[in-house]
Amino acid sequence: MRRSSFRLVAAAAAIALAVTGCSSSGDDAANQDSEFEIFTWWASGGEAAGLQGMIDVYEAQNPDTEFINAAVAGGAGVNAKAVLQSRLDANEPPDSFQAHAGMELDGYVRGGQLEDLTSLYASEGWDEIFPADLIKAITVDGKIYSVPVNIHRANVLWWNPAAATKAGITKAPETLDEFFADLEKFKKSGIPGLALAGKGDWAIAHLLDWMLLATMGADKFEGLYNGSTSWTGPEVAAGIKNFQRALSYGNKGAGNLDWPDAGKLVTDGKAGFFIMGDWASAQWQSDGLSLGTDYTYAAAPGTVGTYQWLSDSFTLPVGAPHRNAAIAWLKVCGSKDGQDAFNPKKGSISARTDSDLSLYDDYLKSAASDWKQDRLVGSTVHGATGNNALMAAYNAAVGKYFSGGFKDNAGLAKDLAGAYEAGKA
Amino acid sequence: MSKIVKNKRSLSSRLGGLLFVLPSIIVVLIFVYGLILWSVNVSLTNQNSGTKKAIEYVGLKNYTDLMVDERFTHSLSNLIKFTVVFILGALITGFIMSLLLEKGIKGEGFFRSFYLYPMAISFIAMGTVFNWLLNSARDEDAGGLNLALQKIGLGFLQNDWYVSERGAMYAMALPAIWQMSGYVLALFLAGFRGIPDDMREAARVDGASESQIYRHVLFPQLTPTLLTILIILGHISMKAFDLIIGINGKSYVTQVVAVYMWEATFDKRDYAKGTSIAIVLLIMIAVVVVPYLRYNNKQQAYR
Amino acid sequence: MSKDLVDLITAKPDVRNKKRKLNGKERFWLIFRYISLTFIWFLVVMPIYVMVINSLKGVKNVYLTNAFKLPEKLDFSAWSVAWSGTDYFPQSISDSMTRTLFFVIQASIISAIIGSINGYVFAKWKFRGSNLVFTLFLFGMFIPYQAIMIPLVRIATTLELNKSIYVLVLAHVIYGIPICTLIFRNYYEAIPNELIEAARVDKASMVRTYRSIILPLSVPAFVVVLIWQFTSAWNDFLFAIFLTGGSPKLAVATTALNFITGSSNQVYYGVNMTASLIVSLPTLIVYIFLGRYFLRGLLSGSLKG
Chain V
1 MRRSSFRLVA AAAAIALAVT GCSSSGDDAA NQDSEFEIFT WWASGGEAAG
51 LQGMIDVYEA QNPDTEFINA AVAGGAGVNA KAVLQSRLDA NEPPDSFQAH
101 AGMELDGYVR GGQLEDLTSL YASEGWDEIF PADLIKAITV DGKIYSVPVN
151 IHRANVLWWN PAAATKAGIT KAPETLDEFF ADLEKFKKSG IPGLALAGKG
201 DWAIAHLLDW MLLATMGADK FEGLYNGSTS WTGPEVAAGI KNFQRALSYG
251 NKGAGNLDWP DAGKLVTDGK AGFFIMGDWA SAQWQSDGLS LGTDYTYAAA
301 PGTVGTYQWL SDSFTLPVGA PHRNAAIAWL KVCGSKDGQD AFNPKKGSIS
351 ARTDSDLSLY DDYLKSAASD WKQDRLVGST VHGATGNNAL MAAYNAAVGK
401 YFSGGFKDNA GLAKDLAGAY EAGKA
Chain D
1 MSKIVKNKRS LSSRLGGLLF VLPSIIVVLI FVYGLILWSV NVSLTNQNSG
51 TKKAIEYVGL KNYTDLMVDE RFTHSLSNLI KFTVVFILGA LITGFIMSLL
101 LEKGIKGEGF FRSFYLYPMA ISFIAMGTVF NWLLNSARDE DAGGLNLALQ
151 KIGLGFLQND WYVSERGAMY AMALPAIWQM SGYVLALFLA GFRGIPDDMR
201 EAARVDGASE SQIYRHVLFP QLTPTLLTIL IILGHISMKA FDLIIGINGK
251 SYVTQVVAVY MWEATFDKRD YAKGTSIAIV LLIMIAVVVV PYLRYNNKQQ
301 AYR
Chain A
1 MSKDLVDLIT AKPDVRNKKR KLNGKERFWL IFRYISLTFI WFLVVMPIYV
51 MVINSLKGVK NVYLTNAFKL PEKLDFSAWS VAWSGTDYFP QSISDSMTRT
101 LFFVIQASII SAIIGSINGY VFAKWKFRGS NLVFTLFLFG MFIPYQAIMI
151 PLVRIATTLE LNKSIYVLVL AHVIYGIPIC TLIFRNYYEA IPNELIEAAR
201 VDKASMVRTY RSIILPLSVP AFVVVLIWQF TSAWNDFLFA IFLTGGSPKL
251 AVATTALNFI TGSSNQVYYG VNMTASLIVS LPTLIVYIFL GRYFLRGLLS
301 GSLKG
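In the order they appear, the protein sequences are chains V, D and A.
Start counting the first sequence at 1; every next residue gets the next number (the working numbering).
Start counting the second sequence at 1; every next residue gets the next number (the working numbering).
Start counting the third sequence at 1; every next residue gets the next number (the working numbering).
In case anyone wonders, no lab produced these hints; they're calculated from the structure.
If we take Cβ atoms under 7 Å as the criterion, some of the chain V residues that face chain A in the derived model are:
| # | residue |
| --- | --- |
| 1 | Val83 |
| 2 | Ser86 |
| 3 | Arg87 |
| 4 | Ala90 |
| 5 | Glu92 |
| 6 | Asp287 |
The beta carbon of each residue, even a glycine, is placed where N, CA and C say it ideally should be.
Working from the sequences, and respecting the hints, build out all of it.
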């Protein structure tokens, strides 16, 4: 009797020990996984360097977990999405995967392939620290499915100061009228007004996305994606008309330039303006160019005071084999340390409003201050307001219009309307 | 002779043969035919991973939808353009190469080896280079063929290559021609050299000119070779995927059937649509290949 | 079957009337042929030329407009970045190259053994319906693999095969069955039946006939199949990317290359070109040294041996 009760006590003690052992890190779901796999398409350059920064933070906090960075690259995630898809459907999800925050996740959410992370937002205090507009934009039916690690700005105008001076342009155009006047000035000075990159359709679609926003304003633009603005109405028609006009100032043979090629035209002074997301700055910096002399920037015309954002984020797939490790990873993703390790290298700003700005370069500092005060609008082409089906059809519609010599405005409007429908289906 | 041999064989030895290939037969049945049937089955449903709805059979709806899908017809017409230009281009280039080499020339081995090397390299590796060579940038920005054309004084021939509205698929066929004309060369060369010299000599004795010999004596002998080439190139062309993704991604202007299938399956997550496109593609290939296999099978049987 | 295709191609036709002095017209045609051959030679070599010179220009500032220009000074830094990686290219290509070599060699050997057995049966031990079965095999050579990829991934995952590189060995062995069988069958068809007959008179079993008579004669066919499987498995992208699911532990040459060249935001053409070249080298080397056998494998796709 005594012996058996001794055993009982010992067992209880062992259990207690095990339990306290589990929660010794002060956490109810401590990470005891020996392995952890994320899936990204950040293959090289600043993206890979930034990711490594965040991984370092994670490994310092979780020394016993082996980190595996599965990556599949390829033209803006062409192959990555395919492989990810095949893994999710085979019930072989990675522990966490990269996706643009917002509607890009729509298909995974509707397919029941992502876990709801709302409680993590509450426990980590992210509700307070991420901007309310962002939280609103990534909430689906009251639930949030991913943790944004950064913010890129899509609506940025880039140019070469010397080329602008030569063309007689003294200040950044703030309205579309000024923009078109400046395009004309560039043209007169002997270079194409606008650098275009047609490869893969998305950079041209990126231009259209900005032009629609600039033409109709943020409210009507958001209406396009909640059904209150018609795709076949006058606003879109006017936007397409402006788009057509801007394209006519483009460089010849833009069709298969990749965006770095088009960007180089601008920094070399061989083309005037360039509308591109702010990853352009990161590329040029790594090429050894300097802000202010080789290139400079402003908010894209017609959208001053509006911040068209896109955001990379990480998720928690249903059935993740190392769920605790994944949650630990997501906590790093959302943390100040994690984001400040990632973003200065990636060339983006932190999604948090409390980041340490001394770590960031001048462009990013100004972007961070705009991020706090501007009106926030999501990017269509980069997955914030459009899901994968919509983006694919949207890019194809623009590709068709552009390769057809940008003549068929009505056809484009119709195809865009079709793309919106494809996203809803 | 082989007939007599067959009759002599005991039943056990004949079954023995079957026994040794049985594992392969089972594997092929499962992994080729079984998986095709699996795909056919999916293509008759509404399976769509992006929308979580009950899977039900919808008959041939996916196929009839494709017929009126503008994107699909676009990719189909792109594929046809590509196929025609690729086959004609490779055929003509390879044929010219074989004509130049057929009689034997000093340095033949050197030329022949170089003409054939493109087939050893994958398009995943060649994508970057061809993207440069077929770049549409012109004049002072030009880098690839446009620059080369300027340098040899043919600057007026500069064009948009694979991003032009009408010529896109024709330009896209160039790398494919680059890769496969060596194959055509090899087959034609074998064809030419398989023709007994006597035939030439006889024609020569009859007073035929060189060009007459080619037209009336040699070319007719090459018809079976031509048929083989058409079928091999045809099926390669219909499967075109690596080449196009490697050079121009999923861009609308150069989208072909295999690329559209990729988009439907993985961007739209619409498996039903993706598999039905794949099955259409399979049928197109089968239409070309099956008669050829049957013809080949018959020949083997009577050998 | 009379003469092997490759023998025909590489046969040296006696250059007619070699001794005789060429007349004007013949000389014109000879010069014309050389000029045409050289012109075509330039077109064929151009892509690899661009690849090579741009791999010698360093990491940065390799741009389109200088595509044909020789490097001002030789800079091999792109080679070391592509091969062993740096901060910016944490995933180098060296690991995946060794891994690819490892699995490709195994896949080729297994494929060759299976192909040899199958070919032997289809050529010399025909059973009822064997021609039909063989034709059904051949069809598997022509299918677009996209049509079977999704179910295949599902099977591989369910059976947990996708945790190791052997999943690729398996895939290439399975989908290599048709072509390997074809190559061996055509080769064995050419072996005279009398040889087999003699063995049969001695009451040698099928297996022993294979071991003592067929196998020793098979070396050239083995080389052809090994090279064919080596090249196609090395260059394969589709199976590799789907079956390994992007796991860095299972990256092979083409997927690693895609990883380097496919980055969306930052592009270093110098490294891209170099990595592409490195990945192409093994198959190119095989081609250079064993071109004859490579050609034979290639031509077997035309079904007639």
